[in-house]
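> Sequence:
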Amino acid sequence: MLKNGLEAIGKSIRSFGQSLDRTGVLLEGSASYTEHLNPSTRCVNNAGRRPKLEAAAFIAPNASVIGEVNVGSGSSVWYGATLRGDINHITIGNHTNVLDAAIIHVAKIHRDIPTIIGNHVTIGPSSIIHACTIGSNCIIGTGTQILDGSVVESESVVAAGSIVTYGKVISSGQLWSGVPARYVRDLTTEEKAFIKQSAIEYAELSLIHAKECEKSLEEIVAANERSKILEEFGKFGLPEKEKAQQEMGMFFRY
744 MLKNGLEAIG
754 KSIRSFGQSL
764 DRTGVLLEGS
774 ASYTEHLNPS
784 TRCVNNAGRR
794 PKLEAAAFIA
804 PNASVIGEVN
814 VGSGSSVWYG
824 ATLRGDINHI
834 TIGNHTNVLD
844 AAIIHVAKIH
854 RDIPTIIGNH
864 VTIGPSSIIH
874 ACTIGSNCII
884 GTGTQILDGS
894 VVESESVVAA
904 GSIVTYGKVI
914 SSGQLWSGVP
924 ARYVRDLTTE
934 EKAFIKQSAI
944 EYAELSLIHA
954 KECEKSLEEI
964 VAANERSKIL
974 EEFGKFGLPE
984 KEKAQQEMGM
994 FFRY
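So for the sequence shown, our numbering puts the first residue at 744; every next one is plus one.
Among these hints, one or two may not hold up.
Unchecked claim - When the alpha-carbon atoms are kept at most 25 Å apart in a straight line, the in silico DSS-like pairs for lysine-lysine are as follows:
1. Lys911 / Lys851
2. Lys851 / Lys795
3. Lys954 / Lys971
4. Lys971 / Lys795
5. Lys958 / Lys971
6. Lys958 / Lys795
7. Lys954 / Lys911
8. Lys954 / Lys795
9. Lys958 / Lys939
10. Lys911 / Lys935
In case anyone wonders, no lab produced these hints; they're calculated from the structure.
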């Protein structure tokens, strides 16, 4: 009985508040404005197709994943990255990392080309990956462009700032660089091992970011209070602050 009464009062108060807001807008006349909440573009349907992100380790809050996009297990899409599978599909393998502000798109107007990316691939910040295929265990350097119909075979590296032109094929185990990108040399065994290790380390780092981004407001406030307490302990040389820094050591490796 009491619960029903409180619910009724709550609805009345909310309705009254909304009425006040509408009245205020009318009184302001031409000076008024309506504040809209911008919907998140983290996961957006397109033409009935929804991104498949359940297996991903981390999708940044301000990343945009649109349409027919399948992100594999343990993979990550970082801050400001855009994956747009609107006119074709994008498939990303396992433990692959699409870093900050990278753009991945597809083609269907002149040629029907999806974008397919393998496992343990690192797509560098601000790269543009357009309607191409990238094999497993590759590094695409910062600001690189891979254009329509290109193929980057497994265990290859494209250096930062390069442009791989239309339909170019980069054979397995090679380093390419330049504008347009050209063959430089074959990769060493150590360099090939580094490619996979780099992807694994980014995947581990993404889990830390995912944990931070998923915190509730209450958890953030509690963490801030705890940090203040640890700082006070640190002033007296107590070990708690040192221990806390060791727990966050992962941040300082990058």
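> If a hint holds in the structure, say so; if it doesn't, say that too.
These are the hints, each one checked on the structure:
no., hint, verdict
1, Lys911 / Lys851, "18 Å, holds"
2, Lys851 / Lys795, "21 Å, holds"
3, Lys954 / Lys971, "20 Å, holds"
4, Lys971 / Lys795, "40 Å, violated"
5, Lys958 / Lys971, "18 Å, holds"
6, Lys958 / Lys795, "22 Å, holds"
7, Lys954 / Lys911, "39 Å, violated"
8, Lys954 / Lys795, "20 Å, holds"
9, Lys958 / Lys939, "30 Å, violated"
10, Lys911 / Lys935, "21 Å, holds"
Hints 4, 7, 9 from the earlier list are contradicted by this structure; the remaining hints agree with it.
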